[in-house]
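K.L.:
Using the sequences plus the hints, can you model the full thing?
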Amino acid sequence: MNLKGDGWARMSIFGVIAVAMVAPFLSGNLYLLNILTLMLIFIIFASAWNLLAYSGQGSLGHAAFFGIGAYASTLIAAKSGLSPYFTIFLGAAVAAFIGILIGLTCVRLKEWFLAMVTFGFAIIVQTITVSLITPITGGWDGIASPRLLSPEIPGYQLLEYYSILIITIASILIIYSIMKSKIGLALSAIRENELEARAAGIDPVKFRLLAFALSAYIAGIAGALEIHHIGYITPEIFGVDLSFWPVIYVIFGGLGTLAGPVIGTIVLTIIWEGLKLLGLTFGRYIIIGVLLIIVIIFLPKGLVDLPYEIRKRLERKSH
Amino acid sequence: MDVGILLQVLFWGIYAGCIYILLATGLNLIFGVMKIVNFAHGEFLMIGAYVTATVFFFTGINPYLIILFSMLALIAIGAVVERLCFRPILGTGKLNEIFLSIGLIYIIQNGAAVIWGDKWQSVKSPYEGITVPVGPLAIPLDYIIIMVVTAGILCGLYVFLKKTKIGREMRATSQNRKGAMLVGINVERMDILSFGIGCALAAAAGTLWVVSGQVFNPYMGSIPAIKAFAIIILGGLGSLPGAIVGGLLYGIAENGAAYFFGGIWKDAISFIILIIVLIIRPTGLFGESGE
Numbered sequence: 007m008n009l010k011g012d013g014w015a016r017m018s019i020f021g022v023i024a025v026a027m028v029a030p031f032l033s034g035n036l037y038l039l040n041i042l043t044l045m046l047i048f049i050i051f052a053s054a055w056n057l058l059a060y061s062g063q064g065s066l067g068h069a070a071f072f073g074i075g076a077y078a079s080t081l082i083a084a085k086s087g088l089s090p091y092f093t094i095f096l097g098a099a100v101a102a103f104i105g106i107l108i109g110l111t112c113v114r115l116k117e118w119f120l121a122m123v124t125f126g127f128a129i130i131v132q133t134i135t136v137s138l139i140t141p142i143t144g145g146w147d148g149i150a151s152p153r154l155l156s157p158e159i160p161g162y163q164l165l166e167y168y169s170i171l172i173i174t175i176a177s178i179l180i181i182y183s184i185m186k187s188k189i190g191l192a193l194s195a196i197r198e199n200e201l202e203a204r205a206a207g208i209d210p211v212k213f214r215l216l217a218f219a220l221s222a223y224i225a226g227i228a229g230a231l232e233i234h235h236i237g238y239i240t241p242e243i244f245g246v247d248l249s250f251w252p253v254i255y256v257i258f259g260g261l262g263t264l265a266g267p268v269i270g271t272i273v274l275t276i277i278w279e280g281l282k283l284l285g286l287t288f289g290r291y292i293i294i295g296v297l298l299i300i301v302i303i304f305l306p307k308g309l310v311d312l313p314y315e316i317r318k319r320l321e322r323k324s325h
Numbered sequence: 654m655d656v657g658i659l660l661q662v663l664f665w666g667i668y669a670g671c672i673y674i675l676l677a678t679g680l681n682l683i684f685g686v687m688k689i690v691n692f693a694h695g696e697f698l699m700i701g702a703y704v705t706a707t708v709f710f711f712t713g714i715n716p717y718l719i720i721l722f723s724m725l726a727l728i729a730i731g732a733v734v735e736r737l738c739f740r741p742i743l744g745t746g747k748l749n750e751i752f753l754s755i756g757l758i759y760i761i762q763n764g765a766a767v768i769w770g771d772k773w774q775s776v777k778s779p780y781e782g783i784t785v786p787v788g789p790l791a792i793p794l795d796y797i798i799i800m801v802v803t804a805g806i807l808c809g810l811y812v813f814l815k816k817t818k819i820g821r822e823m824r825a826t827s828q829n830r831k832g833a834m835l836v837g838i839n840v841e842r843m844d845i846l847s848f849g850i851g852c853a854l855a856a857a858a859g860t861l862w863v864v865s866g867q868v869f870n871p872y873m874g875s876i877p878a879i880k881a882f883a884i885i886i887l888g889g890l891g892s893l894p895g896a897i898v899g900g901l902l903y904g905i906a907e908n909g910a911a912y913f914f915g916g917i918w919k920d921a922i923s924f925i926i927l928i929i930v931l932i933i934r935p936t937g938l939f940g941e942s943g944e
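Protein chains in written order, with our numbering: chain G, 7 to 325; chain B, 654 to 944.
Hints were generated in silico from the structure; no laboratory data involved. Take every hint as true, because none was put in to throw you off.
Below, simulated SDA-like cross-link-like pairs (lysine to any residue); rule was C-alpha separation at most 20 Å, straight line:
# : chain 1 : residue 1 : chain 2 : residue 2
1 : G       : Lys-307   : B       : Gly-746
2 : G       : Lys-116   : B       : Leu-748
3 : B       : Lys-919   : G       : Thr-140
P.N.:
Right, dumping it as structure tokens:
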């Protein structure tokens, strides 16, 4: 990652946080608050996916970790009576454990083999959820999940929003410190040139596995948060859509940058909800697909690169 | 265990395998020439299916004849997709191609949903209910026609690649792109042609899917396409016999799993096989070649 390259974008994160702090007061609308809450959760999810991609591993099955974290946290919270604010971290640990297992198969694979294995893995997990372990997961019908906060607390939606905002900020800070640390350096070295990384004494297998575990853990937190926020979980959570969204958000915002997932998720959420207001159903997906392809072809570094790209074009013209 | 049932499962498997063989062969051809990974390949199968159903609905002619029309239509659509989407990002890496495929999947699936709706549909074959006795089994005539048509298409492709000038140029491009350029082959034309032919093979699979009476909707293509990728990883990148053996193996394994463990395992079993193979051999069964 080019930590320097997206300087303005990283600064803009602070702006985003400031807006996020006051946003609920500006509207006071519960429908909007729900959208904002889900957006925060998807920022966490996209950032988790991005961390794995940072090590050169593009997963197409991150819904598996999202869903495993959600199911595990739900079951632990329901059986033990512990607060979901505590169990999300336990559920995410389960996701991280499974992440290491699937990572073990993936670390030696070519990048597009890895994409297929992760894609298939999400399907396998969904199949197991609705067949072998139906007694505890409720099969296709799903099960109720304990709410983050009891609806009896006045203004609980607002409290939930702010608690999730804190978790989002914490996740981004953690990812930032990972990327800036020696671990991050090792991960990008492996991504750029595995042979040279090896020559420099970096063990690619170890660091790739670490990236898998961290990414699965954070994705698991996101999944658990979403489900405890909604209050219900079904195996649909392992669906292809939920695997593709973080990819789309990150590519849109800027792959391998800290701000990319944040900016991508926010911009696409605004576009998505705007198109919904216009009454588009299938059309929304078509427009998102077209935008994605345009960004890949004309803005390969994502939206965070837009100001630099514009400046480059302008300078070229003035010469 | 009843031998009759085993044979029946085997036969279903071969029939399902025909669809996979056509998809995998097309992917192999595209991968060989362009070295790109298009996860949206199944969407071309889906368009082929809808084109077939639509033409059948309006004309009522024998749906097996529509295969020619749907293949031609998809050559054109494939050429456009190659030119607009894949050519600009050629050589920027496999991950980029995969991400672009996701955009294509969204566009094509939902475009189809806008045009044809997102409900499950099906078409009745003119030979529905006619069976041919083969040993202890009664095989639907449709299945036999599908196997013959698939074999015919593969033979045609083989002759095209081995005997015609364009076919030779295409193989040359797939073996050595720079070398092909040096001897004066227009490799960009080969790209567009191989992509178009790959799409046409997917369209043929789509037509066969529809005429055999299977249901279809705009979202049907994704999983078969990714399975077809699994097949070419198992069978060896660029290997036609590998795609055939892999396709049949997958068809049989899936139908066996569906029969013995329940239909829900149909998709999962394919990926379980893929993961087991890749754990043992990270480069695929006949790996080494390819990117």
